[in-house]
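Participant: Each chain, written out:
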Amino acid sequence: MTAQPHRARATAALLAASAAVGLAGCSTDPGAETTVTVFAAASLTEAFEQIAHDFETAHDGVDVRLSLAGSSDLVAQIQQGAPADVVASADTASMDRLVADGLVGTPQDFATNSLEIAVPPGNPAGIASLEDLTDPDLHLVVCAPQVPCGAATTAVVSDSGLTLHPVSEEQSVTDVLHKVVVGEADAGIVYVTDVARAGPGVEGVSFPQAGAAVNTYPIAAVTQTDADTDHAALVQQFIDAVQGPEGQRLLADLGFVAP
Amino acid sequence: MTTTRAPATSRRTTRDPAEVPAGLPRWAYVPAAAGGLFVLLPLVALGTRVDWAGYWSLVTSESSRAALALSLQTATTSTLLCLILGVPMALVLARGRFPGRDLLRSLVLVPLVLPPVVGGIALLSAFGRRGLLGESMEVLGLQVAFSTTAVVLAQSFVALPFLVVSLEGALRTAGERYDVVAASLGASPTTVLRRVTLPLVWPGLVSGTVLAFARALGEFGATITFAGSLQGVTRTLPLEVYLQRETDPDAAVALSLLLVAVAVAVIGLTHRRGASR
Numbered sequence: 001m002t003a004q005p006h007r008a009r010a011t012a013a014l015l016a017a018s019a020a021v022g023l024a025g026c027s028t029d030p031g032a033e034t035t036v037t038v039f040a041a042a043s044l045t046e047a048f049e050q051i052a053h054d055f056e057t058a059h060d061g062v063d064v065r066l067s068l069a070g071s072s073d074l075v076a077q078i079q080q081g082a083p084a085d086v087v088a089s090a091d092t093a094s095m096d097r098l099v100a101d102g103l104v105g106t107p108q109d110f111a112t113n114s115l116e117i118a119v120p121p122g123n124p125a126g127i128a129s130l131e132d133l134t135d136p137d138l139h140l141v142v143c144a145p146q147v148p149c150g151a152a153t154t155a156v157v158s159d160s161g162l163t164l165h166p167v168s169e170e171q172s173v174t175d176v177l178h179k180v181v182v183g184e185a186d187a188g189i190v191y192v193t194d195v196a197r198a199g200p201g202v203e204g205v206s207f208p209q210a211g212a213a214v215n216t217y218p219i220a221a222v223t224q225t226d227a228d229t230d231h232a233a234l235v236q237q238f239i240d241a242v243q244g245p246e247g248q249r250l251l252a253d254l255g256f257v258a259p
Numbered sequence: 001m002t003t004t005r006a007p008a009t010s011r012r013t014t015r016d017p018a019e020v021p022a023g024l025p026r027w028a029y030v031p032a033a034a035g036g037l038f039v040l041l042p043l044v045a046l047g048t049r050v051d052w053a054g055y056w057s058l059v060t061s062e063s064s065r066a067a068l069a070l071s072l073q074t075a076t077t078s079t080l081l082c083l084i085l086g087v088p089m090a091l092v093l094a095r096g097r098f099p100g101r102d103l104l105r106s107l108v109l110v111p112l113v114l115p116p117v118v119g120g121i122a123l124l125s126a127f128g129r130r131g132l133l134g135e136s137m138e139v140l141g142l143q144v145a146f147s148t149t150a151v152v153l154a155q156s157f158v159a160l161p162f163l164v165v166s167l168e169g170a171l172r173t174a175g176e177r178y179d180v181v182a183a184s185l186g187a188s189p190t191t192v193l194r195r196v197t198l199p200l201v202w203p204g205l206v207s208g209t210v211l212a213f214a215r216a217l218g219e220f221g222a223t224i225t226f227a228g229s230l231q232g233v234t235r236t237l238p239l240e241v242y243l244q245r246e247t248d249p250d251a252a253v254a255l256s257l258l259l260v261a262v263a264v265a266v267i268g269l270t271h272r273r274g275a276s277r
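If you're matching them up, the sequences are chains A and B in order.
Note that the working numbering has the first sequence beginning at 1, numbered continuously upward.
Note that the working numbering has the second sequence beginning at 1, numbered continuously upward.
Hints listed in this document are in silico derivations from the structure and should not be mistaken for laboratory results.
Only true hints are included.
Chain A regions said to be covered by chain B (calculated; three or more residues, Cβ under 8 Å):
# : stretch
1 : 138-146
2 : 164-170
3 : 177-186
A virtual CB, placed ideally from N, CA and C, is assigned to each residue, including glycine.
Work out the full structure, taking the sequences as your base and the hints as a guide.
Facilitator: Here's what the structure looks like:
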């Protein structure tokens, strides 16, 4: 099975279960019977698509369905009773809410992510450090303090005792990245994995102060109402796959760091 | 709004208002009522979610006041820009005789059906620093990136078609008979436009202006893509609502209601003025 039909099927699963069933029937997979539904933070998209694909290859008759969204949306969906087997969030705060509600088992940290400066190709403004971003004439774009990446930016900047003069405080990290990719901004503060994901569109400039705000990604099994031990074992195998050497190598390739 | 209009209509027609209107079957009231509920229910529901005790402090916070002031200022500027460009555009499209007019009309309406985010990307391609005109504008010392001007451009881009469509429709409905008579009596084209055409299409012009203002006030996607988001500079009320939603849902609801109130006030005021004309 190539990556293409898998990806198409994963997307379809998000749209409608019926569509997913229809497409699964067309795939080369011999009769997918068991399904593992994985809710994962959007920043894990590439990593989890690959891990899910490898897991399906290794486990005959198992279909992994990925639901990718912002961590707070994933938490809200699970709280509303969405049928998830595994949840992986981009921060411990979201996972803690699920733990407090008794909706998941004990979470385990499997990756971390930290901030990096993104600049357009060739680094026209010659940015080399966090201090370089304090130039008031620079077109600097950051996340608004209200969203997670902005909170991390604020923590790093106040920790270093610097003052930034951003021309825009964006809604999300992807908005910041877009402004850098199109060359509107001279620099932006995003996550290491965003720079890795953007490919040749941006260059990353790492800075030592980033250590002041490291994001930890936890993963946990969602507590099931019906006790199906076979299925629970399969779910645990998926969690192990994420934490295992192969999963960790994939995550490292995408810029994540082991906890 | 409907109540102020109804008497004007019945005055013009000779039909007894008590009679069943000829073109209005009774069953139409059912889906019409459902449609009305569909529009009103979410607005009423929004009102029930408001934390009234803290409402005043929520909508008068520094960031809220900055967003409201910026929204009113940019939406007004955009509406003026739409009037300056849109009225002649509607005239040319309704009255002009040149090849390719129908195609041009369709193209002008594109922002109407375009997702605003796509509009924002298109504006970046034209006016961004690396855009088509970006470099020549930078040479002239004009920088629209991340400025209030960018907000006005984004709002005008999405609002202009609303004005053009409304006015062009009114111009077509009004026809050219009166214009021709006035011209035959010696009036110059500009006098005809000022004294005959525009008074004739006044309601169309007013509703087009209101629609353009409302669209500019609600603009979100093109603004966030093209102009960015900074308090007092580019963060308009819709952007502030979206951002507050992340951390303070109460404030987001309060600001949403404020936006609804501003929209209703604008529509109400202009309609009364338009009707009394």
